[in-house]
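At position 243 of the sequence shown (counting the first as 1) the number is 295 in my numbering, and the numbers step up by one without a gap.
Quick caveat, the hints were computed from the structure, so don't treat them as lab data. We put the CB at the ideal spot given by N, CA and C, even for glycine. Nothing false has been slipped in among the hints.
Quick list of in silico lysine to aspartate or glutamate cross-link-like pairs, DMTMM-like style, CA-CA up to 25 Å:
1) Lys451 <-> Asp507
2) Lys442 <-> Glu362
3) Lys339 <-> Glu489
4) Lys122 <-> Glu240
5) Lys348 <-> Glu386
6) Lys339 <-> Glu300
7) Lys510 <-> Asp111
Computed spacing ranges between beta-carbons, pair by pair:
8) His319 <-> Asp375: 31 to 39 Å
9) Thr287 <-> His436: 52 to 60 Å
10) Thr437 <-> Pro252: 39 to 47 Å
11) Ile476 <-> Lys451: 26 to 34 Å
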Amino acid sequence: MNKQISHLGVAALILLAALIVGVTYWQTWANASLADRQDNDIRLVASFTIKRGKIYAADGRTVLATNVRKKIGGQTLYFRRYPTGPIFSDVVGYSTQSRNRTGLEQSYNDFLTGSNANLDTVFRSTLDKLKGSTVTGNDIVLTIRPGLQALARRALQGKCGAVVALEPSTGRVLAMATNPTYNPNLVERHFAQATRSTAPCGASLLNRATAGKYQPGSTFKMVTAAAALDTGRFTPDSPFDDPGYCIEYGKQVRNAGNPEAPETFGHVNLSTGFEHSINSVFCNVGKALGAGTVLKYADRFGFYSVPPLETPENERVASGLYDHGKLFAPKHPETQVDPGRLAFGQERLQVTPLQMAMVGSTIANHGVEMRPHLIERILSPGGHTVTHFKPERLATPIKRQTADELTRMMELAVEGGTGTAAQIPGVRVAGKTGTAETGRANVNTTWFVSFAPADNPKIVVAVVVENQPGGFGGTVAAPIAKQLMEAALR
53 MNKQISHLGV AALILLAALI VGVTYWQTWA NASLADRQDN DIRLVASFTI
103 KRGKIYAADG RTVLATNVRK KIGGQTLYFR RYPTGPIFSD VVGYSTQSRN
153 RTGLEQSYND FLTGSNANLD TVFRSTLDKL KGSTVTGNDI VLTIRPGLQA
203 LARRALQGKC GAVVALEPST GRVLAMATNP TYNPNLVERH FAQATRSTAP
253 CGASLLNRAT AGKYQPGSTF KMVTAAAALD TGRFTPDSPF DDPGYCIEYG
303 KQVRNAGNPE APETFGHVNL STGFEHSINS VFCNVGKALG AGTVLKYADR
353 FGFYSVPPLE TPENERVASG LYDHGKLFAP KHPETQVDPG RLAFGQERLQ
403 VTPLQMAMVG STIANHGVEM RPHLIERILS PGGHTVTHFK PERLATPIKR
453 QTADELTRMM ELAVEGGTGT AAQIPGVRVA GKTGTAETGR ANVNTTWFVS
503 FAPADNPKIV VAVVVENQPG GFGGTVAAPI AKQLMEAALR
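Using the sequences and the hints given, assemble the complete structure.
Structure (structure tokens):
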């Protein structure tokens, strides 16, 4: 009998120990991973009992994201509604039951749900929970101007591409639009309809402004010219002879125009080469500087790094050379990279509109690159400021003199060169066109990067439009940039 009791006692101790270990595991080590799983039903339902904070445009009045209250099974739940539909969807993203979150709804979820570490928010949310009240998140006010954003979306209608507008002195994002896009209000129940587009390029969920990769074409000449001037190897007056091509590896690299009869400008200087976007001039600059120097300056502007922005990191990509779909940082650029084609924006370059806007913004801001940001301030439910974002200097890629010389060259491009379609009466405009070959006959990727007023820049605009048959940056993208600059300056 004693032996049986002894066995029972041992068994009970083993079971008790197993219970203690199991409870400890699930409440400590495993708890964090369980809580992190977005498909955890209990956590999912609980997240919709929180009244998420609203998201506003820069005017503080235009509501971009709000809530619809519903009673389900005796519980009050809050679901997202987006009053402006697709206009801000690439930036704001969505928060849904079945498809989780994207955009700022994902990256700023802690502030929007009142679970961020700010002491005031922690105290308020804890008090709401103790009282059994609805937890209310913080509101977010963006830097994006609603009128400018709507204009950018209209300008892209029927096209595939993106627009980014920055305030060069602060880094504020004034507009960030892409087309095609989607309607976030339909994502939960009508996903196919939400993402349907008549545009030929598809990929409605792709934020082309931050994750679209394009050959920059001649807009990259801003980087090459910056390297040429900043190193002291060239000045705006450095002379060149343009026979319509440059010789590289024993072959002719021709200017734009008819391949059998390319544009020929004869005796020119670097400034004229920039004004008229002469490929042979920049091909020779690239050969003289070497691919390594050009890439070093690209790196200084932010290439090869994911641009800093408040959206989720998986919605942003780095610009640079790409090889078989992967970012390629050559260890021996002198033998691995074609310096001539690199210099005028071809080779294997892939860039985002945001990165090219940052290059233009740095030139406009006298060589100082500001960190781009989308969020102006975060407010408590009572309207008190939780966080106010201040302008932050990111880098100084080039000297002030270099930036000012580049600005004058960009002004000439608009005054009488390839960018005349961006002229605004009474306003000095600086700009650079870009037309990149796509590998398909006479189908181009068209660009324009510009800022105004050139003598006191208030706005920088980068525009890219894909798949333009016979199109050029000066005829397709420049008029879009002009519209935004005019609207912003009004």
